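**Student:** Sequence:
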Amino acid sequence: MTSAALITRSTARVRPTARRIVGVIALVVLAILVFYPQLFVIADPTSINVGQRFLPPSFAHPFGTDDAGRDIFSRMVLGARISIGCAIIVVVSAAAVGTVIGAIGGWIGGWFDTLLSKVTDVFLAFPYLVLAMAISAAVGRDLWSAVLALVIVWWPSYARMVRTVVRGQKGELYVKAARTLGASGSQILRWHVIPQTTEQLAVRMTLDVGYVLVSFTGLSFLGLGAQAPSPEWGLMIASAKNYVLNAWWYPFFPGLVILGVVSLCVWLGDGIGAVKTAKKGKAKR
1 MTSAALITRS
11 TARVRPTARR
21 IVGVIALVVL
31 AILVFYPQLF
41 VIADPTSINV
51 GQRFLPPSFA
61 HPFGTDDAGR
71 DIFSRMVLGA
81 RISIGCAIIV
91 VVSAAAVGTV
101 IGAIGGWIGG
111 WFDTLLSKVT
121 DVFLAFPYLV
131 LAMAISAAVG
141 RDLWSAVLAL
151 VIVWWPSYAR
161 MVRTVVRGQK
171 GELYVKAART
181 LGASGSQILR
191 WHVIPQTTEQ
201 LAVRMTLDVG
211 YVLVSFTGLS
221 FLGLGAQAPS
231 PEWGLMIASA
241 KNYVLNAWWY
251 PFFPGLVILG
261 VVSLCVWLGD
271 GIGAVKTAKK
281 GKAKR
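The opening position of the sequence shown corresponds to residue 1 in our numbering, with each subsequent residue numbered one higher.
Please keep in mind that the hints were generated in silico from the structure rather than gathered at the bench. Since this is a predicted model, take the numbers as computed values, not measurements. Careful, some of the hints might be misleading.
What the hints assert, rightly or not - Restraint-style ranges between C-beta atoms, simulated for each label pair: (1) G140 / V92: 20 to 28 Å; (2) V275 / I108: 30 to 38 Å; (3) I89 / G260: 17 to 25 Å; (4) P229 / K170: 48 to 56 Å; (5) V266 / P127: 30 to 38 Å; (6) K241 / S186: 22 to 30 Å; (7) V22 / D142: 32 to 40 Å; (8) L181 / V100: 21 to 29 Å; (9) V34 / G140: 21 to 29 Å; (10) I89 / P229: 43 to 51 Å.
In this text, a Cβ means the ideal position worked out from N, Cα and C, and glycines have one as well.
Could you build all of it, start to finish, from the sequences and the hints given here?
**Tutor:** Below is the structure:
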C-alpha cells in the first residue's frame with residue numbers, strides 16, 4: 001500500500017473522531033448557555049445606564065453596549081436560553097407530533113393516509129416563514145405564539161418523512177415475523193418500525209434547530225415573536241437596525257452568533273449523516 005493511501009485511511013479515521021469531540025464540546029457549551037446562562041453573564045443585562053450608551057467593544061464590554069447602556073454580551077448570553085431554547089422546543093414538539101401522525105398514516109393507510117398526504121402537501125406548498133408569519137399574526141404577537149406557529153408549520157415535514165419510512169418497512173420480513181409471533185399492529189409499530197426512523201430523525205432535527213432558529217429570530221425581528229425588553233437575538237437585531245452606522249457592533253454580534261449556531265447545527269447534522277452512511281456501508285460489506 002502506498003504512503004498516500006495510508007495517509008488517506010489515517011485521515012478518514014481521525015476526522016470522524018475530531019468531529020465527534022468538537023461536536024460534543026459545542027453541545028455542552030450550548031447546553032450550559034441554555035440552562036445556566038448566569039455563569040457567563042459579566043454585567044446586569046437589564047441595568048439601564050444612559051451614560052454608557054453605545055460603548056464600543058472593550059475588555060469590560062466584549063460586545064459593546066446598546067442604546068440603553070446595557071452590556072450586549074450579557075444580554076446575548078441571557079438571550080441564548082430564549083432563542084436556542086425555543087428553537088429546540090419547536091423541533092422536539094414538531095418531531096413528536098409529526099412522528100406520531102406520520103407513523104399512524106403510513107401504517108394504517110386508507111383515507112387517513114390520503115388525508116395526511118393532502119394536508120402535508122398544502123403546508124409544504126408555502127415557505128415556512130411566510131406561513132409562520134400568518135399564523136403568528138393571527139394568534140398573537142408574542143413569544144409563545146411564534147413557537148406555536150413554527151410547530152404548526154414544521155410538523156408536516158416530519159410526518160411525511162416518517163410516513164415514507166413506515167410504508168417502506170411494512171412489508172419487511174421482521175414485520176411479518178412479529179405478526180406470526182402474535183404481536184399486535186401497535187406493538188410492531190411502536191417497538192420495531194418507529195425505531196427505524198431514529199437515525200433520519202436525528203439528522204433532520206439537528207439541522208432543523210438551525211433553520212428554526214433563523215425563522216424564530218426572524219419572527220421576533222418582524223415584531224411577531226418575543227417583545228421588548230426581552231434579550232431575544234432577533235429582537236436585539238431589530239432594536240439595532242437604526243444604529244448600524246453609529247454602532248456597528250450592536251447588530252453585528254447578535255447576527256454573527258446566530259450565523260455561528262446555525263452553521264454548527266448544519267455541521268453536526270452533516271456529521272451525523274456521515275456516520276449513518278458509514279454504518280450502512282459497513283453493513284453492506
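**Student:** Determine for every hint whether it applies to the structure shown.
**Tutor:** Here's how the hints hold up against the structure:
no.: 1; hint: G140 / V92: 20 to 28 Å; verdict: 22 Å, holds
no.: 2; hint: V275 / I108: 30 to 38 Å; verdict: 33 Å, holds
no.: 3; hint: I89 / G260: 17 to 25 Å; verdict: 21 Å, holds
no.: 4; hint: P229 / K170: 48 to 56 Å; verdict: 53 Å, holds
no.: 5; hint: V266 / P127: 30 to 38 Å; verdict: 19 Å, violated
no.: 6; hint: K241 / S186: 22 to 30 Å; verdict: 52 Å, violated
no.: 7; hint: V22 / D142: 32 to 40 Å; verdict: 36 Å, holds
no.: 8; hint: L181 / V100: 21 to 29 Å; verdict: 25 Å, holds
no.: 9; hint: V34 / G140: 21 to 29 Å; verdict: 25 Å, holds
no.: 10; hint: I89 / P229: 43 to 51 Å; verdict: 22 Å, violated
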